[in-house]
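Protein chains: 4
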Amino acid sequence: MKYFSILHQRWYHFLHNEELKQKIYSIVFESDTPKGKLFDIILIGSIVLSVLLVILESMHIFPHSAYLVLRVVEYVLTLFFTIEYLARVYCLKQPRKYIFSFFGIVDLLATLPVYLSFFLHGTHYLLVIRAFRLIRIFRIFKLFTFINEGNLLLRSLWISAPKIFIFFFFVLILVTSMGTVMYAIEGDAPNSQFNNIPNSIYWAIVTMTTVGYGDITPVTPVGRFLSAVIMLIGYTIIAVPTGIVSATMVSEHKKLEKRRCPRCHRDGHDFEALYCKYCGARLKKTEPEKANEERRNDERF
Amino acid sequence: MKYFSILHQRWYHFLHNEELKQKIYSIVFESDTPKGKLFDIILIGSIVLSVLLVILESMHIFPHSAYLVLRVVEYVLTLFFTIEYLARVYCLKQPRKYIFSFFGIVDLLATLPVYLSFFLHGTHYLLVIRAFRLIRIFRIFKLFTFINEGNLLLRSLWISAPKIFIFFFFVLILVTSMGTVMYAIEGDAPNSQFNNIPNSIYWAIVTMTTVGYGDITPVTPVGRFLSAVIMLIGYTIIAVPTGIVSATMVSEHKKLEKRRCPRCHRDGHDFEALYCKYCGARLKKTEPEKANEERRNDERF
Amino acid sequence: MKYFSILHQRWYHFLHNEELKQKIYSIVFESDTPKGKLFDIILIGSIVLSVLLVILESMHIFPHSAYLVLRVVEYVLTLFFTIEYLARVYCLKQPRKYIFSFFGIVDLLATLPVYLSFFLHGTHYLLVIRAFRLIRIFRIFKLFTFINEGNLLLRSLWISAPKIFIFFFFVLILVTSMGTVMYAIEGDAPNSQFNNIPNSIYWAIVTMTTVGYGDITPVTPVGRFLSAVIMLIGYTIIAVPTGIVSATMVSEHKKLEKRRCPRCHRDGHDFEALYCKYCGARLKKTEPEKANEERRNDERF
Amino acid sequence: MKYFSILHQRWYHFLHNEELKQKIYSIVFESDTPKGKLFDIILIGSIVLSVLLVILESMHIFPHSAYLVLRVVEYVLTLFFTIEYLARVYCLKQPRKYIFSFFGIVDLLATLPVYLSFFLHGTHYLLVIRAFRLIRIFRIFKLFTFINEGNLLLRSLWISAPKIFIFFFFVLILVTSMGTVMYAIEGDAPNSQFNNIPNSIYWAIVTMTTVGYGDITPVTPVGRFLSAVIMLIGYTIIAVPTGIVSATMVSEHKKLEKRRCPRCHRDGHDFEALYCKYCGARLKKTEPEKANEERRNDERF
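Protein chains in written order, with the UniProt record's numbering: chain A, 1 to 301; chain X, 1 to 301; chain B, 1 to 301; chain V, 1 to 301.
Keep in mind the hints are simulated off the structure, nothing from the lab.
Please note: incorrect hints may appear among the correct ones.
Identical copies carry no separate label here, and so any pair may be met within one copy or between two of them.
[Said to hold, decoys possible] No more than 20 Å apart at the CA atoms, straight line, and that leaves these computed lysine to any residue pairs for SDA-like:
| id | residue 1 | residue 2 |
| --- | --- | --- |
| 1 | 255 | 159 |
| 2 | 21 | 80 |
| 3 | 254 | 41 |
| 4 | 254 | 157 |
Please construct the entire structure, taking both the sequences and the accompanying hints into account.
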């Protein structure tokens, strides 16, 4: 009874040890200190190693005995990632914000599959989600140009999202209809690959996206004629998402060019820049800048 | 004789019962009342169910006895859609406008194939046209952002239509010529798949749209050389519709940005917005707005 | 001797019969008179029939005896096109201008293959070049909107031509190199389809244009890796012609919008418009308009 | 001993013979003199011949005895290119600048493979790198329009580079994940082509770039569903590089249009133009012009 009390007390101290939290925070979240930088490099190395192991394992080029070693390394790395995840949650004041952020979810999903693989066969391969953790690489090596460009890309995609959603809704209705009609036309041909509607819809998507594997192809004259029509429609339709993204990027580009220094009147400043890079004058705040200010706090994770 | 007279009288009353018409109108066309909303949700559920049934039927995963059930459900749903169509025609003051609108034609085509299937085999699958009725989903759930974006997309495609039509006319002449020339070159090779000109034209379309199934491929050196030329032409040509749609979207985007509030001078208002979303001032009317006003009346259907 | 003199005299009169020339000109070049319109419709009908005959002939669906009929019809149509060509040359004051124009060359190429087919087998199919004569259809039916749009498209492509030429020069060097390297890597694999460099270059073009037939595919790990690199390069490179054409079209669009009426200040006038379509005021001449004025004289052909 | 001293002296004189250097420079680097022009034409002829020889050799259409001739021609050409390379290095004041320029590296790589092929089999085919030397053709024939257009293209690609790099980083993570998941799903199917993760990644790249060979295709329902999702993602993603390049080109176009003559107010001047092509007034310097001035010095090579 007394023993549990001591344990409870220590646990309480651990949970509220602000000094320890600060120390861990500077290691796992920041990369300005030597320790933080070392941690980040080890982390990235572990992620790359872990993904490479999964790829190598699938190639069946090792002798049978080596697989035990591979498995042990994988467990060790997973343990490391689990401790890292717990440390991240532990040292934050608002862990919930991290846990439900993009990186928080990816970090969790990067460890879970291995634990799941004890119960369910095949989930083991899902640990490749770890690869997405590599996006951190830009922050660690302070490649801010790339972060800015990446943000511009994300912003363009984000602004285009409702248009692209509408577009996909329409494409889904179209491929369902086209697939069904092709099933009605081609389904009766001997050895037809259009043997059910889901396969025909799969064919319609393969065709409309211009992938064109050729594993399912029309053989009847009517089917070929309809396919040609679908291809030409797909040809026009491929222009739509491109047009959407192009138009958005042109518009974002122009906004960027409008960020003109009030003192020296030169433009070409990033959305996030606070001061003119030529004369140091304070730039006016832009809407994306405000959005980015909020995001920058989350970017840490 | 007297009996018919009574029947005729009742029919006349039914046809001119404005109160009933108003009641039905509020149910089938509007979704503001609880009844109207319920009707819309049942309708969308029925459409999805109906399309799913067709897909499931084609997969041959049910025991033979289940098909009778499937067929009965399909007839019940078709009856429901038929009654709905008649109700829509009945309750409008200008039914002709609805009947010849996009949704009016789709609604009719969504019921006809089942009736046709009594006489003609295979038409049964055309009922998948019902899927297009799902476009209503955006209006029902008041996803106006998506409707606006969809309208912008449609406007861009509509403005681009003559250019794209010209483009397709040219593409058709090109694939006909290319197909014929390839038939002349490849047609004599043993086991050639270029066994007639329609198949060669089909091949030219498959190639030029960069789908490339590989079910028909050139085997002679001259044929391969000409194919390479066609591909490189197709590569340039794929740029044209994309360029058309991109240019139109950039231009539409810019018009949108020109809708500036006369009081607070902020922009970014939708084409359809009547009042500034920041300060509530009345915005100036735009040409597309006027066009949309007309369309909004039809949009109901 | 006297007989030849009469013949020569008649021939001379025929060559300088301005009245006859004017009459023929109004029939074959213009479509404002009933006779001219009738001629144009017969001409278009003959072209369509002639192309359809070639297509039908290749399908081997007629009994053997029908081919004589097909061949006779073809000769009659070719005779008609030949007389038409001679009439066009005859009635113009500057026949050379027509003979070396796009339509002049197409008109000649539309008749030659049939005459050539007496001496050379296979040239017969080249008569499909006739299909290009159908472009006249827009002028005949006075579809000027389409002509304007087509001119805008052509202008954009024409302005983009040097950029696209440079681009293709680079692509050719790239596919030659890539094809040779892939031959060095894959050529030794058993049953390799990379059996010589031209085939490897053909494969590189098929891959880079994202057509991807799959008739030639890499099988070695190194070959697959290099293919993936080529695909990703092709993916970026496909953006270049699209970007070129898009940028040109955006710029042409903007010029179009700059054609503002000096009296009512409304824009949206075609390049070729001379008067404001809203208030009738004389518009300022633009450079493309001047270019089009010259072209309009040639457009007749 | 005396003999070596003389040799050394001659060598020294040769190394500092400014007159000879100037003479060689005017021949190998310039094409304004008849000798320089002749040299350039012989050079381009040799490159084309050399590339054609490699292609012809691979086609196995010559009798066995001819290969000795081919090989001798190849050695002679390689010797010529080697001497040319040494001459280029010799006659420059700052040879280092040339050696590490794009053309310097290409010129070296154009000779090395043949020497390497004495030791390593297969490197022989790398001499196709010579094809890249043909880019000089535009400078030699003074096709400055094309050079300007090419520079605009390169500038656009260069400005877009960080965005495209970010994009590829993301695509690589995506195809690795997708490939692994597809291996987990499809790997167990009998005769599955998804037999290891590298092959699955290769498949993911083939699919996402819409090449779609069809040598590896999913067969299970889950695999086909996931493939369809990947295709639709790829369809959206293909829009991104196009959007990037289009936006950059639109923006570059606009800068070009801003180069307005201060005297006659006409625009449309090249980035590199120093004087107005209409009235001869001095144009203002632009940033790209300054960049080009530096580059122009290197362009020689």
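Evaluated hints:
1. 255 with 159: both (14 Å within a copy, 17 Å between copies)
2. 21 with 80: within (18 Å within a copy, 64 Å between copies)
3. 254 with 41: neither (38 Å within a copy, 43 Å between copies)
4. 254 with 157: both (16 Å within a copy, 18 Å between copies)
Consistency note: the structure conflicts with earlier hint 3 alone.
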